[in-house]
Amino acid sequence: MSELLHTQLERSAERHPDRIAVKSGASGLTYEQLEAAANQLAHTLTATGTGPGDRVGLLLDKSLEAVTAIYGVMKSGAAYVPLDPAAPPARIAHIMADCRLETVVSGAKQADVWDEVIELGAPLSSVIAADIDDAPSRGRQVDVIGRPAISSQPTERLERQVTPADLAVILYTSGSTGSPKGVMLSHGNVMAFAAWGATEFELTADDRLSQLAPLHFDLSTFDLFAAARVGAAVHLASRQTTVFPMEIRRLLESERITVTYAVPSILTMLTERTGLQRGDLPGLRAVLFAGEVFPTKYLSRLMNLLPHAEFANLFGPTETNVCTFYRVPEPPPPDGPPVLIGKPIAGVSTSVVKDDGGLAAPGEAGELWVRGPTVMQGYWPQRTPVGEDDAALYRTGDLVRETLSGDYEFIGRRDSQIKSRGYRIELGDIEATLLAHPDIHECAVIPVPDDLITNRITAYVVSSGGVTPEVIAAFAAQRLPKYMIPEAFEFSDALPKTSTGKINRQQLAAAAMEVD
Amino acid sequence: MTTRDAVRSFILSELKFSGHPDELVDDYPLLETEVVDSLGIMRLVTFLESHLDIEIDDEDLVPDHFASITAIADLVASKQS
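Just so you know, the protein sequences line up as chains A and B, in that order.
For what it's worth, my numbering labels the leading residue of the first sequence as 1, then goes sequentially.
For what it's worth, my numbering labels the leading residue of the second sequence as 1, then goes sequentially.
Isolated chain B, as found in the complex:
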């Protein structure tokens, strides 16, 4: 499973995505639509750290890194390299 798929599946099952799963494309805006909110962000970070074996610094917790599935995958890739 790619990082994008893992993140998508987490958002669908855990973050109460209310639309049709097909709508959740890689560039779907996660913040404006509040798919990722103040609780969601902490759960998402916990998920990324525990399942993808990376550590996300406090400084990385910024909107640019969580704006879309693509942005999150890019953040994960930069942490894995």
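The following block holds chain A by itself, in its conformation from the complex:
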């Protein structure tokens, strides 16, 4: 039988039943315990009628329960859809309506959100909450299935027909039209990435991986599934931990983390604000980063502080998991260009295509096209048609150039997509949201380069009725996640235009840099 993300867990539970699978603070679950809890959840879901082809939302903070839920959902045959509990209810409701989530695994802390998203149009009808004991359904619009019902289910595996082509997870990312898009990843897609990572970085059951990224972020799949593949331990960092550099360092130290995968802004904070000395964190053997450009001055400093660790730049949009990677051989010059994005990972083929459709020669810039087992199935609900070789193609929109060493160099984006704190943001998504405000007539959202977080966002606005930055920020906060709300607002009577009548973004960008 072909391997699936949850059958990896089953195999590790047989081989390493007593090893720690996942830890959160002082509590943890062994592989045997995680397997049993996930099976109970899968039986619970099956009893509600959930099965292959369905989707189940995850509306809870990162926790042992959340990891159990991920496996429980996949074991039931369904795909999990991680929802950010801190996102505005309108955005959660939009995603739930978009992929028709009738069931979510959640917790008592999120109880207020359940009714709120229903009011906003989500088709939610049942909630599974392992931290609720009584039956609080009365007065609620949803059926709540609590701990007693879950723990009465058998801990044995249930038989489900799931194939590697079936969806494992749908990750919602910023879309250019003002609505998030659901990237559909199959078991095979995520497995191709996790299996590559486990092999490339020689993971074993003795490794301890940190889990720093939120579960709705594509970085999280590596930690969870590469670790489960080999029976290694995953140590969850709470959202609060990732806010405080010292807390991140403490997690790495106290849990003797051997492999960490993070966005550069977190690693920069670790470098700059934790008093790290050369040779500290001696057990940390691999530092992997992705999601945004790592400013070379910080990368160089961190590599000098951790001479015992290998560093690798993992590259790829959510749609392809990771498609290329580059082992950084030595600390780069602090004032040098960003490190390369490297070569394709095993099984993936890439090409660089020029505007005229021809292949770019080495040294020439073109768009990176990716084909292979890590490429998504499509955006919900539309599966991408595949070619004769059964591998889907994805045009990344990223401009790259092949260097003499055969490694790719990242040049920039073809469109108006930017990165901030590792999150990818379509500027059009923000503009469409702001333009929905009745008093905003014209707007342009401009990225301002920022050392620590790649980009900050300034919105140029033409408005009437005396709207203030606070009013717009509050309006945006009801519709967008926090990292997409502009840091600054500039008001004017009109936006500058180019000769063709388009908003002159270059002029605004220059102005934004000056204000900065």
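Everything labelled a hint here was simulated from the structure, so no lab data went into it.
Here are the simulated distance ranges between beta carbons:
no., chain 1, residue 1, chain 2, residue 2, range
1, A, D133, B, D60, 33 to 41 angstroms
2, A, G121, B, S50, 42 to 50 angstroms
3, B, I54, A, D133, 42 to 50 angstroms
4, B, E32, A, A47, 30 to 38 angstroms
5, A, D493, B, T2, 35 to 43 angstroms
6, B, T33, A, A26, 23 to 31 angstroms
7, B, H51, A, G25, 33 to 41 angstroms
8, A, G49, B, E32, 31 to 39 angstroms
9, B, D60, A, E202, 35 to 43 angstroms
10, B, I54, A, G49, 57 to 65 angstroms
11, A, V386, B, T33, 42 to 50 angstroms
12, A, G501, B, D57, 49 to 57 angstroms
13, A, G358, B, D60, 55 to 63 angstroms
14, A, D493, B, H51, 30 to 38 angstroms
Heads up, the beta-carbon is just placed ideally off N, CA and C, and yes, glycines get one too.
For chain A, the structure is supplied; the task is to place chain B on it using the hints.
Just chain B now, with coordinates in the frame of chain A:
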């Protein structure tokens, strides 16, 4: 302006506080609500150091010191004394 007012005004204007300003009382939980997030913390520290003439050690960058406006004001007071 007291330290609390200065911090409150910084949070309102710079950290995208999405509620009504009156909600941002001294004991409003800043971390659970993610008013202070990973970017916010660095901007807040820069603000405190440059406007209130104190230096915040790496060891002081812990949740207890940033849980509320009161906690931040206490941290500032301990640095000023």
